[in-house]
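S.K.: Those protein sequence lines, which keep their order, are chains A and B.
UniProt numbering puts the first residue of the first sequence at 1, with every later residue one more than the last.
UniProt numbering puts the first residue of the second sequence at 1, with every later residue one more than the last.
If you're looking for bench data, these hints aren't it; they were derived computationally from the structure.
Computed from a prediction, not measured in an experiment: that's the story for all the values here.
There is no bait here: all hints are sound.
Derived DSS-like pairs: lysine-lysine, alpha-carbon spacing no greater than 25 Å straight-line: (1) Lys224(A) to Lys134(A); (2) Lys302(A) to Lys128(A); (3) Lys117(B) to Lys149(B); (4) Lys124(B) to Lys414(A); (5) Lys117(B) to Lys414(A); (6) Lys117(B) to Lys127(B).
One letter stands for each residue in the lines below.
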Amino acid sequence: MYRWLLCFRYLRTRYIALASIISVTLGVATLIVVNSVMAGFSAEMHDRLHGLASDVMIECHNSGGMPDPERHLAEIKEVCGDQIAGMSVSVNVPSMLGIEYRGQNIARHVQLIGLDAASYDKVSDFGKYLLHPKNQTDANFQLRSGGYPMERDPMSPTPWGWAHRRHTAAVAKMLEAERDRISALTASETASTSSAGPSMGNTFSPELLADSDGKAPEALDPAKDQFPGIILGIATCSAKMRDDQNIVREHYYCRPGDDVRMMFPNASDNAKVINQKFTVVDLYESGMSEYDSSFAFCRLDKLQDFRGMIDPSSGVRSITTIQLKLIEGADLNAVRDALRLRYPSDLYAYNIQTWRDMQGPLLAAVRLETMILNILLFLIIAVAGFGILATFFMIVVEKTRDIGTLKALGASGKGVMSIFLTYGLLLGFVGSGAGLLGGLIFVQHINRIAGWIETITGQEVFDPTVYYFNEIPTIIHPFTLCWVMVGAMTIAVIASVLPALRAARMHPVQALRFE
Amino acid sequence: MSNPFVLQAFGVKKSYHKDKIEVPVLRGVDVNITEGVVTALVGRSGSGKSTLMHLLATLDQPDEGEIYFRGHRIDNASRAERDSFRNNDIGIIFQFYHLLPELSALENVLAPIMIHKSAWSYFKTRKETRQRAEAMLDRVGLLHRATHKPSEMSGGEMQRCAIARSLMTDPSLLLADEPTGNLDTETGRDILKLLRELNGDDGLTIAMITHDDAIAEQADLCYRMDDGVVKSAKPSMQVA
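Looking at chain A on its own, in the form it has when it is part of the complex (with noise of 0.2 Å):
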């Protein structure tokens, strides 16, 4: 009873050590805030590569992909129906993308997916990236005529849609006017267009067109018909810059109602490129660079279509990609290793991953990362455990006196003993518990935090142009929480026991001696 009733007194009393614990404290804290926020990213980056990322993926090498998808179906159910919770098969392209914007041609390499929304959406979250919000439920890859989220881009002239794409082709047919006008006036001029700059005009080398194997666009009136819909990774269009004012603004090079052209190959052996237009029905945003910038979606049966992915004479299409997504709990790797049991890759061009196996790399370096910043922090409190010791050797020579006294009263040396360590759990238990609260409060108000200092040192703690994230991402993990708490107080309770043991074994007759 004496120890608790000491020990209480002590924290009270012995200021010195409550200001050891501070770097205890600070050590817990930016341990919560670190760990918060490296969840936070983990988390986000997890939902994000898993969300396009279905569990398990069959790749096909073979440019004219794999024929007979059903059949493959039925043998992957075969194989393990009773880990499948849903299944999707598509067409992945590596395509090139032509934006033409103001005249000037744009180009990305993209990866060109055909898919087919509601299956694919099963096996992914594909919808949920979408921007337009009926888009997310039913992505028909239909222009809509409203609904975009129009604060994404205040500098349109017009709302994203058909009210844009009839802006656009009045605008087109304007300046077509204005242009065949100009050539009337100057019809006896002989001067080469090709030099008069930027044009509105198709302005891809004709010799790439001529040697594409693709079917002519279509003559279709832009302010009524679209052409086949394709859904652009935002950053595939998009730019995020800073304005004058150092706000980040997202620029646009097309939008929801803006024709662009995909260039992408044929499935036949003598592979020819195609150029589509599509017109661009809505945007994907992931909130990952990798995936924002380098996809694009189209239906599936269009692109199967462009491609002569399907056989003439049965009418059986090819696929290039199965996607598998799991049952709860199931294991992905058991799962893999049985498909690639049954398409062994001496027999089949196929490349079956799981998303781990695809991300790998970079879900290991969070975890290192992670990892390293935990050995760094707890290294602080072992720092903050060395002040403790020090600080509690000169409470136990402080204490001599007192000390010879409890032995004279008949304490026993474990008793003794124990008034120091349970002083130092105590001491750790205050120093980890102000940590503990100080890092959720902090890791709540982070956001507005960054705020502060970013108004305070002018610097941008989180630049939303590198991250895709507006706010700083944060998951507060109990199991964390507990495991900081329990290894400060560890550590501080490991710092005091030297002091506990010179306190313990201290001859009562010197201590009561002791000036």
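Got chain A sorted already, so can you dock chain B onto it with the hints?
M.R.: Frame of chain A; chain B shown alone:
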């Protein structure tokens, strides 16, 4: 018929070592502390009286000789037994009071019980224990100072508080090391009067160490020590 002995020391020797030089302090001391009697151990500074008290209180162990408490040898008892002996069977008061500065007078008086009992058993009997501690403070005339810290008390009050603390476990023997050594004459007289009352009213056995012959005179029995040995043991009226 004489009273049985509470504490006995036979041929107790103790030396200290300073830089490999042996400094003998006690050279074979025989002492009997008789129940219900106030015994004084008187001697000059360096005569070994405080060392003898430490040995009698089992705060230290003799190099040679034996110490018995009610017939049981205690000098070679285990550490736990000696701790228990100091906690339950004897009370000790010191020249410099040795109160715990973080605790109030009442808490200081409660300290031996808190050492004796676990937190759980202390809480179970908290009310009775506090009442007893208050009674002890009242007995020494210090109840009005129950909530005061030692730094807020005078020397006499601190010594009274130390006496109340030593009585808390209802000991068989009170060992007092120069109880008035740090007090003015008037206050010292009050403390001696209190000790005498405790002996007279409650029959408390007291062994008191002093260098002051006037104080030793008030004891029933007096051992005079000189150079580590007991030179004489006489009823106190014959001390001089």
